[in-house]
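K.L.:
Residue numbers (our numbering), protein chains in the order written: chain A, 1 to 216; chain B, 1 to 216.
Please keep in mind that the hints were generated in silico from the structure rather than gathered at the bench.
Incorrect hints may appear among the rest.
The list treats identical chains as one, so a pair stands whether inside a single copy or across any two.
Mimicking DMTMM-like on lysine to aspartate or glutamate, the simulated pairs with C-alpha atoms at most 25 Å apart in a straight line are [stated by the list, open to error]: (1) K18 x E141; (2) K18 x D28; (3) K18 x D116; (4) K18 x D168; (5) K18 x E148; (6) K18 x D142; (7) K18 x D153; (8) K18 x D150; (9) K18 x E5; (10) K18 x D41; (11) K18 x D72; (12) K18 x D98; (13) K18 x E190; (14) K18 x D40; (15) K18 x D173.
There are 2 protein chains.
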Amino acid sequence: MRISELARASGVPVATIKFYLREGLLPDGVRTSPNQAQYDDAHVQRLRLIRALVGAGGLSLAATRNVLGHIDRPTGLTLDLLGSAHQAVAPALPDEVDLAAAVALLRRWGWNACVDAADSGDEGRVDDALGGLAVALAALEDAGFVVEPDRMDTYGQSMMQVAQAEIDGLPTDTPSAAVRYVVLGTVLVEPVLLALRRLAQREASAARFPQTEPDV
Amino acid sequence: MRISELARASGVPVATIKFYLREGLLPDGVRTSPNQAQYDDAHVQRLRLIRALVGAGGLSLAATRNVLGHIDRPTGLTLDLLGSAHQAVAPALPDEVDLAAAVALLRRWGWNACVDAADSGDEGRVDDALGGLAVALAALEDAGFVVEPDRMDTYGQSMMQVAQAEIDGLPTDTPSAAVRYVVLGTVLVEPVLLALRRLAQREASAARFPQTEPDV
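This is chain A alone, in the form it adopts within the complex (with noise of 0.2 Å):
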């Protein structure tokens, strides 16, 4: 098909199909005249792969190139490829982060393959998902916001009843699938995740408090 075709075939306007291929994210048509190239199928779940990405997603055009680079270019399996694939869209961690109080609460779990996992990694590059937990709960003490140890122990648990069910659903066949369902996972779950969370919230509270009436 033409690029006109695969924009309407896509939903993506000509103009943003051209930067893609410009910034190398959409591979190029195969050329039939020197203002003519022909897309395909191809083309079309690629376009609407980045438009997740970059829509609900929510991520950079770097963050984008970053992760179709892992999805098109992967490089390990299982544990590498989480730690890549989580490298991909994880936040920027600063220079000096205090481990302990993330360590301690996963050690108390005996969630100690990820700790070690985290200890085995590049010298003096602070792992991303451990990293990730010890700003968090830094900031929880920062605001001043106390989680008690047993809601903190019903986060855990929950998230790794999440964990588990992806896990047992991780395709091994290739790693390219393997690859795009673990960034895609990351990136494309976590929108699903939060909005669940917060409608439970709200179904939990009208369970608990069943004439809501505003009091002030």
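Starting from the known structure of chain A, fit chain B onto it as the hints suggest.
P.N.:
Here is chain B on its own, set in the frame of chain A:
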């Protein structure tokens, strides 16, 4: 204390404190001379809160002002409160959102209260939490990423566990304490949950694939 002491006590530079004062995020101190004002512990607490929202919370200045406004001037309890807290921090939604898939999912789980609450909102305005779920589900579909019903059920159950623990801990003594709890719980706990999910994925992956060799 003077502004230089406030800077030391809070860890926020004087120039930033002056910026927050100008922007109205931090209440003025008590003026003791044309060029001097006195600040107290409430200012230290407020600065730590602002730093947490802007920093780990990743909120914009406008969103931070909105959140602080909700804490300073609470306007309701429970469902209303949850709605306004979520609204304070919710990502912007597109004008047109197809809610059908989100509503069908919640009805399947019997989460009727939150669907009904969304229905009873302002005419023509899409409910933030329900709209957020709809947009997130559409992004999965756009990307061609299939989440099987079983796994979606696990997501719902896990988030309900999280929400139940949170609503059980809701302080009911003053509206202001409740709003603070809900708003900060929304903004500051989200990064904790997402970091825990990533770490749990590693832990579950290490248990499922004990020998993890890069195989490519």
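K.L.:
With reference to the structure, classify each hint as holding or not holding.
P.N.:
The hints, checked one at a time:
1. In this homomeric assembly, K18 and E141 come within 25 Å of each other (Cα to Cα) only across copies, at 24 Å, whereas the closest approach inside a single copy is 47 Å.
2. In this homomeric assembly, K18 and D28 come within 25 Å of each other (Cα to Cα) only inside a single copy, at 10 Å, whereas the closest approach across copies is 52 Å.
3. In the homo-oligomer, the alpha carbons of K18 and D116 never lie at most 25 Å apart, since the shortest distance is 45 Å inside one protomer and 44 Å across protomers.
4. When the C-alpha separation of K18 and D168 is checked against a cutoff of 25 Å, the pair qualifies neither within a copy, at 39 Å, nor between copies, at 52 Å.
5. In the homo-oligomer, the alpha carbons of K18 and E148 never lie at most 25 Å apart, since the shortest distance is 52 Å inside one protomer and 35 Å across protomers.
6. Taking the shortest Cα distances, K18 and D142 sit within 25 Å of each other only across copies (20 Å), while inside one copy they are farther apart (46 Å).
7. In the homo-oligomer, the alpha carbons of K18 and D153 never lie at most 25 Å apart, since the shortest distance is 49 Å inside one protomer and 40 Å across protomers.
8. Taking the shortest Cα distances, K18 and D150 never come within 25 Å of each other, neither inside one copy (53 Å) nor across copies (40 Å).
9. Taking CA atoms no more than 25 Å apart as the test, K18 paired with E5 passes inside one copy only; the shortest distance there is 13 Å, against 55 Å between copies.
10. In this homomeric assembly, K18 and D41 come within 25 Å of each other (Cα to Cα) only inside a single copy, at 17 Å, whereas the closest approach across copies is 56 Å.
11. For the identical chains of this complex, K18 and D72 are intra-copy neighbours only, at 20 Å inside a copy versus 48 Å across copies, given an alpha-carbon limit of 25 Å.
12. Taking the shortest alpha-carbon separations for K18 and D98, neither the intra-copy value of 45 Å nor the inter-copy value of 29 Å comes in at or below 25 Å.
13. Taking the shortest Cα distances, K18 and E190 never come within 25 Å of each other, neither inside one copy (30 Å) nor across copies (36 Å).
14. When the C-alpha separation of K18 and D40 is checked against a cutoff of 25 Å, the pair qualifies only within one copy, where the shortest distance is 15 Å, while the shortest distance between copies is 57 Å.
15. Taking the closest pair of Cα atoms, K18 and D173 never come within 25 Å of each other, the shortest separation being 34 Å inside a single copy and 58 Å across copies.
The structure is inconsistent with the numbered hints 3, 4, 5, 7, 8, 12, 13, 15, although it conforms to all the rest.
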